[in-house]
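J.: Going down the list, the sequences are from chains A and B. For the first sequence, counting from 1, position 8 maps to 8 in this note's numbering; every step adds exactly one. Quick note, this note's numbering runs 1000 ahead of the 1-based positions in the second sequence.
The hints are simulated quantities; they were obtained by calculation from the structure and are not laboratory data. Misleading hints may appear alongside valid ones.
Claimed, not checked - Subject to a maximum C-alpha distance of 25 Å in a straight line, what follows is the list of computed DSS-like cross-link-like pairs (lysine-lysine): (1) K1089/B <-> K11/A; (2) K10/A <-> K1035/B; (3) K10/A <-> K1089/B; (4) K6/A <-> K18/A; (5) K99/A <-> K1055/B; (6) K1044/B <-> K1089/B; (7) K56/A <-> K145/A; (8) K10/A <-> K1098/B; (9) K99/A <-> K18/A; (10) K6/A <-> K1089/B; (11) K1088/B <-> K6/A; (12) K99/A <-> K1004/B; (13) K1004/B <-> K1027/B; (14) K60/A <-> K1069/B; (15) K1088/B <-> K1069/B; (16) K1069/B <-> K10/A; (17) K55/A <-> K1069/B; (18) K1089/B <-> K1055/B; (19) K145/A <-> K1004/B; (20) K1088/B <-> K10/A; (21) K11/A <-> K1044/B; (22) K1055/B <-> K11/A; (23) K1004/B <-> K6/A; (24) K1055/B <-> K6/A; (25) K1088/B <-> K11/A; (26) K1035/B <-> K6/A.
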Amino acid sequence: MEKEEKAPLKKILLICSKASIEDVYAALVMGNGAVMEGIETKLFFTFFGLDAITKKTMNKLHTATTGNPGMRMPGGLPFPTILGALPGVEAGVSAMMRKQMDDLDIPPVDEFLELITAGGGEIYACKLAMDMFKLTKEDLHEEVKAVITVGELYEMSGGEGTQIVFT
Amino acid sequence: MSTKTIAGVEINVTEDGYMNDASQWSKEIAAEIAKEEGVELTDKHFELIDFIRNKVAAGEGLTLRGIGKSGVVNAKEFYQLFPGAPLKKATKIAGVPKPTSCI
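Extracted from the complex, chain A is given alone in its bound form (with noise of 0.2 Å):
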């Protein structure tokens, strides 16, 4: 059989500039399983992405309740966005959303970092945005490697079979 000739990724880079659980999950996913397909990767993390690497932060992420067009109730029915907006309303559905992902042993954001760098994945923080928030490398997660500026990010994103991912 004729074979198909391949150029495999080689290497990707991630940028996450959001704080909601979808959008981090999102960028940590894709991180995770690039570095078990054996790819180069690199996390970046800027603007509210902050959040997913300050450690204060990091495992109370939030999903949006009020525009947000996907929310469902369980069981399916509307999401009357009224009620998103009622104190503590986001915050248990984001709890309960949390549960669920445990629940198929999606880890929370703290350990999903640990599991990217076990493989040799690398977490980067931007530091137009660390300025900005007024965070030191000493908020962030142990995880993170560097806060480095947009010039450093092109520059370790060179090479042939290279990907850079917005999520």
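Add chain B to chain A, keeping to what the hints say.
T.: Chain B alone, transformed into the frame defined by chain A:
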């Protein structure tokens, strides 16, 4: 489905080399597949292969996290035992189907 002769035995394998019938598996076959994958099997490898085979036999899913918590190895050691693509390599060598999990 195709067949492949490994360690002198004819084995049913999938297109990408995973064994179709876990009962055909033996340590000799594992060693042969491991060699193809560039892995030299040690006792630690076999301990983990046992864990994987038991998990699959029990109908449970395999994840990197689950293996990291197996008590046999942690995630880092798992990557060291099967460099590159650990879960894919380990399951191939263990003679179980290709894992369907995303994590």
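J.: Compare the distance between the alpha carbons of K1088/B and K11/A with 25 Å, and conclude whether the hinted pair is satisfied.
T.: holds, 19 Å
J.: Against the 25 Å threshold, does the CA-CA distance of K11/A and K1044/B hold or violate the hint?
T.: Violated - the C-alpha atoms of K1044/B and K11/A are around 30 Å apart, more than 25 Å.
J.: Assess, step by step, whether the Cα of K1088/B is no farther than 25 Å from the Cα of K10/A, and give holds or violated.
T.: holds, 17 Å
J.: Below or equal to 25 Å on CA atoms is what counts here, so check K10/A against K1035/B.
T.: holds, 23 Å
J.: Within a Cα-Cα threshold of 25 Å, do K99/A and K18/A meet the stated pairing?
T.: Judged against 25 Å, a Cα distance of about 21 Å means the pair holds.
J.: Taken at face value, is the distance from the CA of K1004/B to the CA of K99/A at most 25 Å?
T.: violated, 44 Å
J.: Quick one, are K1035/B and K6/A close enough, alpha carbons at most 25 Å?
T.: holds, 23 Å
J.: When you check the alpha-carbon spacing of K1004/B and K6/A, does it fall within 25 Å?
T.: Roughly 23 Å separates the two Cα atoms, so the pair holds.
J.: Does K1089/B sit within 25 Å of K6/A, going by the straight-line distance between their CA atoms?
T.: holds, 20 Å
J.: Is K56/A within 25 Å of K145/A, Cα to Cα?
T.: Satisfied, since the Cα-Cα distance of roughly 18 Å is no more than 25 Å.
J.: Regarding the pair K1044/B and K1089/B, is the alpha-carbon distance no greater than 25 Å?
T.: Holds, at roughly 15 Å.
J.: Checking one constraint from the list: CA of K55/A to CA of K1069/B, max 25 Å. Satisfied?
T.: Holds - the C-alpha atoms of K1069/B and K55/A are around 23 Å apart, at most 25 Å.
In summary, the structure is inconsistent with hints 4, 12, 16, 19, 21, 22, 24 from the numbered list given earlier, while agreeing with the others.
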